Amino acid sequence: MRKWLAITLILSLALITPELVRRANTQEPPTKSTPEIPLSDNLRSFGSSGSQLASIVDSQQGVVRVVGTRYPLEEKTIQKVVDKRSLEESANVSVWNWQGIEAATASARGLDQQHHFANSYLVGFKPFKTQQLWVPLYTLAMNKEYQYDHLQYAGLSDIWQTSRQAYYQKRGDCEDHAILLADWLIELGVDARVALGTHKGQGHAWVVAILNDQEYLLEATSKRRQTSWQAMPLAALAEGYDAEFQFNRHFFWAKKNPTPTRQYRGNHWVKKSQFIRG
1 MRKWLAITLI LSLALITPEL VRRANTQEPP TKSTPEIPLS DNLRSFGSSG
51 SQLASIVDSQ QGVVRVVGTR YPLEEKTIQK VVDKRSLEES ANVSVWNWQG
101 IEAATASARG LDQQHHFANS YLVGFKPFKT QQLWVPLYTL AMNKEYQYDH
151 LQYAGLSDIW QTSRQAYYQK RGDCEDHAIL LADWLIELGV DARVALGTHK
201 GQGHAWVVAI LNDQEYLLEA TSKRRQTSWQ AMPLAALAEG YDAEFQFNRH
251 FFWAKKNPTP TRQYRGNHWV KKSQFIRG
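Residue 130 in my numbering sits at position 130 of the sequence shown, with consecutive numbering throughout.
Hints listed in this document are in silico derivations from the structure and should not be mistaken for laboratory results. In this text the structure is predicted, and so the values were computed from the model without any measurement. A hint or two may mislead.
[To be verified] The calculated lysine-lysine pairs, modelled on DSSO-like cross-linking and capped at a C-alpha distance of 27 Å, are:
#, residue 1, residue 2
1, Lys126, Lys271
2, Lys271, Lys80
3, Lys76, Lys271
4, Lys200, Lys271
5, Lys200, Lys256
6, Lys170, Lys129
7, Lys223, Lys129
8, Lys223, Lys170
9, Lys223, Lys126
10, Lys200, Lys255
11, Lys255, Lys271
12, Lys271, Lys256
13, Lys223, Lys200
14, Lys126, Lys80
[Stated by the list, open to error] Computed Cβ-Cβ distance ranges for the label pairs, DEER-style:
#, residue 1, residue 2, range
15, Gln230, Arg262, 15 to 23 Å
16, Ser86, Leu151, 30 to 38 Å
17, Asp83, Asp213, 40 to 48 Å
In this text, a Cβ means the ideal position worked out from N, Cα and C, and glycines have one as well.
Turn these sequences into a full structure, and let the hints guide you.
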């Protein structure tokens, strides 16, 4: 995840015309043989058998409706573009323009070797019930190891795990931690979002949680074992974080201008699109 912003700007800002959307309804994306992405050798949950991961496959299919456009952006449409790239190139997060709207949404390659919209990785997963909002972050700190994707997936730079996979997969990098944490908090009734941007100049993903009209920045990769929600830092006090995008299960936001901000709500954020799972 360290270099995804720069790579995206160079390789992945594809402007697709409305005509391509209409053609996508009648044409199938080209078939292409790609090497299999190896899974971790330790595919297990935090205390139970990893066979549960193999038996449950969450649907990530859906369309994105971009504000100010007529036609929805379909997953098979972006996959056509992705299929023309090398496996190494397509392992990077892609930020998509659509019908004249810049940075309308983002997609990333998953463990199934397909690109899916960022929102779709939050599959509505709650590992277990809890009344304590600090428990999800504590659980991640206790049980999920941080590992760069290129070390886990044969040199590929960025592969995303869904929230369910991130719980059963013992290792993962920043977005895997953030996706699981955000989805779990959403299930607990918190307005939680995954933020994509940089931390001290390096590509990064973290969680923003809005509770009682306060914005908290949760470092999902932190291995400090916090046992109180009050110990969580306010976003306004968190230094070094510069978010470019945010997403939850349904919506994708982009920042209006490159000026760094510690506020995750307001006129400097634009809701670009809505993901509709189907």
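Comparing the hints with the structure gives:
1. About 26 Å separates the Cα atoms of Lys126 and Lys271, which keeps this hinted pair within 27 Å; it holds.
2. For the suggested pair Lys271 and Lys80, the alpha carbons sit about 25 Å apart, so the restraint of at most 27 Å is met.
3. Restraint check for Lys76 and Lys271: satisfied, since their Cα atoms lie roughly 23 Å apart, inside the 27 Å limit.
4. Between the alpha carbons of Lys200 and Lys271 the distance comes to roughly 25 Å, so the proposed pair stays at or under 27 Å and holds.
5. Distance restraint check for Lys200 and Lys256: the Cα-Cα separation of roughly 20 Å lies within the 27 Å cut-off, and the hinted pair is therefore satisfied.
6. The suggested pairing of Lys170 with Lys129 holds, with an alpha-carbon distance near 20 Å, which does not exceed 27 Å.
7. With a CA separation close to 21 Å, the supplied pair Lys223 and Lys129 stays within the 27 Å bound.
8. Between Lys223 and Lys170 the CA atoms are separated by roughly 14 Å; this keeps the pair inside 27 Å, and the hint holds.
9. Distance restraint check for Lys223 and Lys126: the Cα-Cα separation of roughly 20 Å lies within the 27 Å cut-off, and the hinted pair is therefore satisfied.
10. Only pairs whose Cα atoms come within 27 Å are accepted, and Lys200 paired with Lys255 is accepted, the gap being roughly 18 Å.
11. Between Lys255 and Lys271 the CA atoms are separated by roughly 9 Å; this keeps the pair inside 27 Å, and the hint holds.
12. Restraint check for Lys271 and Lys256: satisfied, since their Cα atoms lie roughly 10 Å apart, inside the 27 Å limit.
13. With a C-alpha separation of about 19 Å, the suggested pair Lys223 and Lys200 falls inside the 27 Å cut-off, and the hint holds.
14. The straight-line distance between the Cα atoms of Lys126 and Lys80 is roughly 33 Å, outside the 27 Å bound, and the hint therefore fails.
15. Restraint check, Gln230 to Arg262: a C-beta distance of roughly 19 Å satisfies the suggested window 15 to 23 Å.
16. Judged by the Cβ atoms, the range 30 to 38 Å given for Ser86 and Leu151 is violated: they are separated by roughly 20 Å.
17. Distance hint for Asp83 and Asp213: a CB-CB separation of about 44 Å, consistent with the stated range 40 to 48 Å.
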